[in-house]
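Chemist: Going down the list, the sequences are from chains A and B. First residue of the first sequence: 1, per this note's numbering; consecutive thereafter. First residue of the second sequence: 1, per this note's numbering; consecutive thereafter.
Hints were generated in silico from the structure; no laboratory data involved. Be a bit skeptical, because a hint or two may be false.
[What the hints assert, rightly or not] Computed beta-carbon distance windows for the label pairs:
#: 1; chain 1: A; residue 1: PRO29; chain 2: B; residue 2: VAL198; range: 49 to 59 Å
#: 2; chain 1: A; residue 1: LYS110; chain 2: B; residue 2: ALA171; range: 46 to 56 Å
#: 3; chain 1: B; residue 1: ARG144; chain 2: A; residue 2: LYS110; range: 51 to 61 Å
#: 4; chain 1: A; residue 1: GLY329; chain 2: B; residue 2: SER178; range: 21 to 31 Å
#: 5; chain 1: B; residue 1: VAL198; chain 2: A; residue 2: GLN210; range: 55 to 65 Å
#: 6; chain 1: A; residue 1: ASP126; chain 2: B; residue 2: TRP117; range: 46 to 56 Å
#: 7; chain 1: A; residue 1: PRO29; chain 2: B; residue 2: LEU197; range: 33 to 43 Å
#: 8; chain 1: B; residue 1: LEU308; chain 2: A; residue 2: GLN210; range: 44 to 54 Å
#: 9; chain 1: B; residue 1: TYR351; chain 2: A; residue 2: PRO247; range: 43 to 53 Å
#: 10; chain 1: A; residue 1: LYS326; chain 2: B; residue 2: TRP50; range: 55 to 65 Å
#: 11; chain 1: B; residue 1: ARG144; chain 2: A; residue 2: PRO112; range: 51 to 61 Å
#: 12; chain 1: A; residue 1: LEU54; chain 2: B; residue 2: GLY38; range: 47 to 57 Å
#: 13; chain 1: B; residue 1: PRO56; chain 2: A; residue 2: ASP126; range: 27 to 37 Å
We put the beta carbon where it would ideally sit given N, CA and C, even for glycine.
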Amino acid sequence: MISLKKSLRAASAVAATALLFATPGLSEPLKVGFIYVGPISDFGWTYEHDQGRLAVESALGDSVETTYVENVPEGADAERVLTQLALAGNNLIFATSFGYMDPVVNVAQKFPNVMFEHATGYKRADNVSTYSARFYEGRAVIGTIAGRMTETNTIGYVASYPIPEVVRGINAAYIHAKKVNPDVEFKIVWVYTWFDPAKEADAATALIDQGADIIMQHTDSPAPVSMAEEKGLYAFGQASDMKEFGPNARLSSIIDNWSPYYVARAQAALDGTWASEDAWHGINEGMVEIGEFSDAIPAEVQAEAQALADAISAGEYHPFTGPINKQDGSPWLADGEVADDITLLGMNFYVEGLEGEVPN
Amino acid sequence: MIRLERRRAPSRIWSFLAPLAAVGATLVGGAVIFSLLGKNPFEVLTTIFWSPLFDPNLSAYARPQLLVKATPLILIAAGLSLGFRAGIWNIGAEGQYIVGAIFGGAVALAFYPEEGWYIFPLMVAAGALGGIAWAMIPAILRIRFNTNEILVSLMLVYIAVQFLAAMSLGALRNPEGSGFPGSRNLQYYESASNPELVAGTGIHWGGLTAVAALACLYVLLHRHILGFHIRLAGESPRAARFSGARPALLVAFCLGVSGGLAGLAGLFELAGPSGQISIDFNVGYGFTAIIVAFLGRLNPIGILFAGLLVALTYIGGEMAQFMLGLPAAAIQAFQGMLLFFLLAMDLFLNYRIVFGAGARA
């Protein structure tokens, strides 16, 4: 038994040394693996991550070799795929869904020489970085446009899951719509899915039936945009631009642009300067991009939205700047006070004025 | 005119060869799809079927993973095959799998962070109970009101999925999880975890239970009067009634056993490879197990091999994705073809094609 354990330990030591030498020299390309929760053809979340992968290929050329596995369920399957990607010699692995968190941490322990990047999570290690985007900055901009453009003063919001990320988006959009239009109201439908075109379209229809003339979404399919197009109303692209799904309906969009980050991280891995870090990038770094404004938006509103985006990008303005009260009227941020990242990351409450409750 | 005519009796040899012929047809059909996608079909097929077993870099890890992946499929299919033989169609194993995991997980989380040998057995009992309870809904509705158990069990899957979301976001959410959905990870909770029994083998308690379930199934079907009634009920319901079978009992028994095994599969998966109650906990084993049950001819030994084969297409399919850049959809189509050809082969097993209008009454 002891000798078996010993030989196992010896074997793993050999394996570890082999891995150490497997890190690429000048001649061998850096192998970069990606695992996706959806199909690359979703025109939303996964599509944009895959655009990032392609950007790495075109920016770094022959010095990298990329590969991906799509439609990987979170949990046990993710752990297996991550392990196989590591065994197959990938040196840098991007795991692009929140639910990959524990699998990434487990696999990273077994492969100390492989670098892992986990999107939207909060568990890090020496070889595990996390990264996410400050999508709420984009929400503030499109909230402003929606507040100006609505005629029924009702904005419909297709929400996925009541997690901090989504709640933060709702709050950011509402605060800025309200700022330019005190009569604005938000109607929110929770669909409990990230990607289900039929459900998302149903939710959009329900919102339109309740008088919403502008649809916002925090789900990944272009179905709500298509639905707004069909009804002659307005919507915003989510994750990708989605213009082709609603040429008239789409006012602007929040685009997740992972390319700069992915290229920089792959370059760092090539240079040997990669280190574990926590990146939360916004408009300034280019991770959050505001899609082109459509001609349906009046010039002064375009200018107003652009000025807001520029101020956020320059760090002159934070979308969560007091005075802001919580929904129950209790004070959250005092006049001029700016929300800290910890509170934002765990946000599970609505701000004052929003109706309904964050579901539990 | 082309008609189908029922054969007097299906050929004995062909009823064993049909699944093999279906696998063969799937290979050919897959090869066509893969070459249309511009890949070398031979390379793709060897990657799917050979690499997980023999690739020098990957197989040491992939082989035990085959057992991990096959375990829930076999466990669920074993239960389903019982009802399918009797003409009792439990299509909702996915829901029973989810509810079993939730029940078992809730027990574990109720004890957290207490350690004790009794926690895991209690979770197992709760998991089985959860699956049985969920399966009893279609059973009781069918017995009392003659509702269709196919529809009821299937619809209950969607309810279970919503229940799972509610639990992941509510009662079972990890209080230290920064507000994100999902429970604590049971892999990090020793008394509740279901790790590999011997490291590197891929065998956890679920694997042992699956083998035991297959053995019990074999004995039940071939050595027990209840098994005789189940087989008879599927082949000739009237004869079954004359021989003393009680239809209500059969319905309750078949749905109960398949629900219980699906619940156990969910619990073992939760406490083992998966770790967390989360919104995406279920990945379709309850549906895939239907394919496994039929591919295995509803026969215990057949199910064992069918489960391993389907697991192989999953793991080999992933390798084909990252080694050859094959899209996931092509793999899914390939897996779907397996069921398609299997059902087609079964059709020709029981029917023959007759050309022309010649009636042969």
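Chemist: Each hint: holds or not?
Modeler: The hints, checked one at a time:
| no. | hint | in the structure |
| --- | --- | --- |
| 1 | A:PRO29 x B:VAL198: 49 to 59 Å | violated (38 Å) |
| 2 | A:LYS110 x B:ALA171: 46 to 56 Å | violated (33 Å) |
| 3 | B:ARG144 x A:LYS110: 51 to 61 Å | holds (53 Å) |
| 4 | A:GLY329 x B:SER178: 21 to 31 Å | holds (26 Å) |
| 5 | B:VAL198 x A:GLN210: 55 to 65 Å | holds (58 Å) |
| 6 | A:ASP126 x B:TRP117: 46 to 56 Å | violated (35 Å) |
| 7 | A:PRO29 x B:LEU197: 33 to 43 Å | holds (40 Å) |
| 8 | B:LEU308 x A:GLN210: 44 to 54 Å | holds (52 Å) |
| 9 | B:TYR351 x A:PRO247: 43 to 53 Å | holds (52 Å) |
| 10 | A:LYS326 x B:TRP50: 55 to 65 Å | holds (60 Å) |
| 11 | B:ARG144 x A:PRO112: 51 to 61 Å | holds (60 Å) |
| 12 | A:LEU54 x B:GLY38: 47 to 57 Å | violated (18 Å) |
| 13 | B:PRO56 x A:ASP126: 27 to 37 Å | holds (29 Å) |
Hints 1, 2, 6 and 12, counting from the list given before, are not met by this structure.
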